[in-house]
Structures are given as C-alpha cells and as structure tokens.
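Under this note's numbering, the first residue of the sequence shown is numbered 36, with each subsequent residue one higher.
Please keep in mind that the hints were generated in silico from the structure rather than gathered at the bench.
Only a predicted model underlies this, so the values are computations on that prediction, with no experimental measurement involved.
Quick list of in silico lysine-lysine cross-link-like pairs, DSBU-like style, CA-CA up to 30 Å:
id: 1; residue 1: 170; residue 2: 130
id: 2; residue 1: 246; residue 2: 37
id: 3; residue 1: 246; residue 2: 117
id: 4; residue 1: 246; residue 2: 233
id: 5; residue 1: 130; residue 2: 164
id: 6; residue 1: 130; residue 2: 179
id: 7; residue 1: 117; residue 2: 252
id: 8; residue 1: 117; residue 2: 37
id: 9; residue 1: 125; residue 2: 170
Label-pair distances were calculated between CB atoms; the ranges are:
id: 10; residue 1: 216; residue 2: 143; range: 38 to 48 Å
id: 11; residue 1: 230; residue 2: 210; range: 24 to 34 Å
id: 12; residue 1: 204; residue 2: 97; range: 13 to 23 Å
The beta-carbon is built from N, C-alpha and C at its ideal position, and this holds for glycine as well.
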Amino acid sequence: MKLLSIDDYLPDQESTVLTVGNFDGVHRGHQLLIQQVVDRARQRGVSSALVTFEPHTRAALFPELPQHLLTTFEEKYTLIEKSGIDYLFKIPFDKSFSETSPESFVENYLISRFHMIEWIMGEGHAVGKNRSGGKNFLRDTVSKYHIPIFTANLLQMDSLAVSSTRIRKLITEGCLSDAMEMLGHPYLISVERIEGLKIGSQIGYPTLNFKRPPSQKVIPPPGVYAAELEFNDTLLTGALYFGACPTFNDRESHFEFHAFDLNGTTPQVGQTAHIWVYRFLRSDQAFSNTEELVRHIQQDINQIRNFFSEERLQWR
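Please model the entire structure based on the sequences and the hints provided.
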C-alpha cells in the first residue's frame, strides 16, 4: 500500500475504485466496505484507493469537545495496510477544508487527483460542507460524470449496526471480547518505549515500559490484560498492565508489558511498538505485600497462557 498526500496525483494511466471516510477503528463494517473496493478494483483491472482524513473530521469541527478515538492515524494505517488497498490518500482536515463544497471535493480531489471511476460508500455517507453532498448530489454526480456509485449496507451484529461509537463504549467498559467481535481484530494500541523503574525486574517479572497513549485514544479501564507486542516482525505474547501500581503507593500512571518469552528483538527507548489487546483479566488493585502481588501475577500469567493456547488462532 502506498501512502499519498493531498498534493499527490496518480499517474495519468491509473484509475481507481475508491471509498471515503474516517474509518476510526477499521472495524468489521469498514473491512466489509474496503473488501468491496478491493474486489471491484480487481474486477475492473484498476487500482483500489481509500481516502481518509487527519485529524478525524469531528476533532477539527468541534475542537472544544473531548475526542475519543479508536485509532491514531498510524494505527489506522497499520490496519488498512492489511486489507489489500493499493493507495491510501491522507487529507489534512481543518476548518478551511471543511468549507469545501461537495462538487469541489469530487471534481478537484476524487476525480482530478485520485482518478476515481467508481465510488463505493457507506450507508448514510455524505460529503462536502455541512455534509451537503447527500443522495441528490450523488445522483447528479452519477449523471454528470458517468461514475457509478454504490452503497454498502451497514453490517449488523445482534440486530444492531456495528459502529465505532458502540465499540468505544465497550472498550471503556472493559468489554474487550465484545469489542473484538465488532472490530474483527484485537484492539491496537501503538506506544513509545520509555525507561521504567525496574520494579518488575526486582520481583522476577521484568517489563517493557511505555509512554501512555495520547489523551484522545480510547483506553480500557486500568488493570491486567492478555496481549501481544509486535515489533520488527516479532510477536511476543505476554501480560499488559496499566495503572498506578497501588501496591507500591505509586500514583503515576504506568503502561507496561511483561513478555513471557523474549525470543526476538524488543523496542529500544524512543522506539514505537504495537500492542494488540485481547482479553481483560482483572482490575488494578493494591495487595498487602509483594509476595501477594507475585502470587497474583503468576495467576495472571497462567490465565493468559491458557487463553492464548485455546483462543488466539481465531484472531490472528
């Protein structure tokens, strides 16, 4: 997949089937839409493309409101790259760009720069200033440019549409299993390694310490999770912990990962790794002494090993 900016133009000989959206979380509904784009592009012998915005359109339009996002742009890129899309177009979104009319967006970007010959969009999607490019505009676009536009139906699970909003709520409540069913993948958190306090090493369970994700990133409740750390094509199984280390009266927020087997390279301080979060085990809690903490850590590790031996294959 090739990442292109708003200033890039495709070569004259290339055309695209494309889709447009924020794609926060790249969940199962998004994946279904993206797969349709890839399939149609292959059928027509052209390239597939996805157009997205950075930051999220809501963040630019309502900066005074708290932002709760499932994916940073880097995480979104990682997930979309796995889909088979040929081109990812990244459009910087701000107040000025939000004033773009739907006609200008289609003519100056989708057609002139991205060479769109077919558009597949999500149900209820609209483009341009104030989302004014709705059904009537799309019908006129088909007529004016002879470009077919298809709408992908919303994916439903348990009689409800799969949506980023529903998934955000599940993750903040710690319902990782239900969130993963809708995401279609473990929850991805990209983190930068930092120096730790070496407390884990002192009690026999060394950890890699990471900077807390940005404030707009949706994070599950503090506690212990079954997770994998991915770095430079190495995948390490282990336990993810984030919380305030109450057993040691440490009020700072910690974000750390204990790898069961260090059979590959690990990120150095300042480098970024992907953490794939699978399952919530227990909430953050204070123990009466270090020995009690160690016993619980070993119980956590046993549970996580059992989880991965039984359920991991369906997700990776």
